[in-house]
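Asks: Top to bottom, those sequences are chains A and B. So for the first sequence, numbering that gives the first Met the number 0 puts the first residue at 0; every next one is plus one. So for the second sequence, numbering that gives the first Met the number 0 puts the first residue at 0; every next one is plus one.
Worth double-checking, as some hints may not be accurate.
[What the hints assert, rightly or not] Derived DSSO-like pairs (lysine-lysine); straight-line CA-CA distance at most 30 Å:
| id | chain 1 | residue 1 | chain 2 | residue 2 |
| --- | --- | --- | --- | --- |
| 1 | B | 57 | A | 159 |
| 2 | B | 57 | B | 123 |
| 3 | A | 167 | B | 57 |
| 4 | B | 123 | A | 167 |
Because the hints were derived from the structure by calculation, they are not lab data.
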Amino acid sequence: MSAPPVLALVLAGGASSRMQRDKAAVEYRGERQLDRTCALAARHATEVSVSVRADQAHDPLRARWPLIIDALPGAGPIVGIRSALAHTPGAAWLVLACDLPFLSDAALAHLLDERDPGCLATAYLSAHDGLPEPLCAIWEPEAASALADFQAGGRRCPRKFLTTHRAKLIEPLDHRALDNINTPEEYAEARAILEAPPGTVRMQIRIQYYALMREQAGRSEEAVETRAATPAELYAELCRRHPFTLAQSLVKVAVNGEFRDWTHALAPGDSVVFIPPVAGG
Amino acid sequence: MNRFRFATAAIDVAAAARELRDPAAGGFASFEGWVRDHNEGLAVRRLEYEAFVELAVKEGDRIVAEATHRFPVRHALCVHRVGSLEIGDLAVWVGASAAHRGEAFDACRYIIDEVKHRVPIWKKEHYLNGDSGWVNCERCAAAPRHTDESPHAPCTHG
């Protein structure tokens with residue numbers, strides 16, 4: 000039997016009390032956080048819905064997306080997750096908080112690769128405290144009844160749920176990908192990083208090597224901290240570190256599993272593969 | 000259906016061809032790529048295929064879909080080996096079924112030609128003389144290097 004399909008749920012029902020303004024509406028590079036997160040999710044799931052409280056259903060920012068309105072008593076993300084599981088029985092949900100500005104395609108692709116549909120959920124472990132991160136996780140259909148029992152027992156912390164139930168927990172590739180933004184200070188810092196001119200910020204990039212380049216690098220993958228703004232700059236930097244012999248003109252590049260130009264803008268957490276001349280057939 | 004896939008063991012040709020059966024198909028053509036005992040003047044002992052599977056499957060699927068639209072065939076499939084192969088082993092299999100033979104032949108030709116150029120698969124040849132080399136990669140490596148302060152100058156020069 001094949002694994003249940005994965006739909007995406009972006010949580011935008013929070014009170015944003017510490018931020019003192021609606022977290023879903025804060026902007027990075029002129030794009031609102033909710034829209035950024037939904038666009039990212041749409042690249043990895045067939046459908047994207049936004050989880051809201053009943054009193055937010057007519058908010059213009061949220062109403063641009065298909066909504067799943069909290070349909071159960073109680074409060075907090077667990078209600079949003081349960082409402083989604085009840086909304087489409089048989090589907091698994093890629094649940095994402097809408098306050099993760101560094102979340103990347105690479106992080107979601109890795110989570111989906113690592114998914115174990117035999118568990119109730121597949122989640123990242125936080126790079127900060129080593130605990131599961133329920134709001135960047137895949138929740139399987141079977142989690143519905145277990146979550147109902149959990150909440151009926153008076154508990155509401157989905158993180159606690161993941162530590163006490165059968166969940167696959169994986170290490171993040173990029174320590175910053177799950178950083179959430181709760182205060183105006185954290186927002187200012189995240190914005191400075193995400194909006195800095197190319198080449199002025201160090202970011203972590205994961206690189207995988209194949210064939211001749213794998214042998215020359217002496218490894219099949221590595222993570223580097225770099226100021227390279229494009230794959231071309233990154234390649235030049237890596238050529239100083241490894242005895243690569245292939246001119247850039249002979250090599251192609253993929254970012255997050257898709258062919259890209261050498262001038263493509265790299266983002267924190269991206270996964271890059273340099274492709275030496277191919278020889279299939 | 001995945002129209003392009005990898006096999007880590009011998010390709011089951013009969014099973015692959017069965018997947019392309021269709022009551023509306025009057026013609027079926029296939030192409031087989033075999034491991035040859037020589038290349039560019041060197042005697043080959045065996046070879047290894049390696050792939051960037053995630054992107055290779057995406058690109059391979061795109062190629063087969065292009066062929067299916069271009070030539071209208073009923074079904075088409077390409078199976079490529081990875082791992083270690085001996086002389087005479089089947090390295091790649093392409094099949095297409097169509098209403099008439101012409102489209103089936105054309106689709107096979109298109110798929111194998113595009114796969115060779117576009118799909119991230121690499122081939123390492125092991126020669127009888129004990130040497131080995133990555134096909135299409137090593138000649139550039141052997142080219143004379145530019146004089147430059149960087150020890151690995153050729154990388155950064157187009």
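Asks: Hint check: residue 123 of chain B vs residue 167 of chain A, CA-CA at most 30 Å. Holds or violated?
Replies: violated, 37 Å
Asks: Hinted pair, alpha-carbon criterion (30 Å max): residue 167 of chain A, residue 57 of chain B. Please report holds or violated.
Replies: Judged against 30 Å, a Cα distance of about 27 Å means the pair holds.
Asks: CA of residue 57 of chain B to CA of residue 159 of chain A, is that 30 Å or under?
Replies: violated, 38 Å
Asks: Take a quick look at whether residue 57 of chain B and residue 123 of chain B sit within 30 Å of each other, Cα to Cα.
Replies: holds, 23 Å
Hints 1 and 4, counting from the list given before, are not met by this structure.
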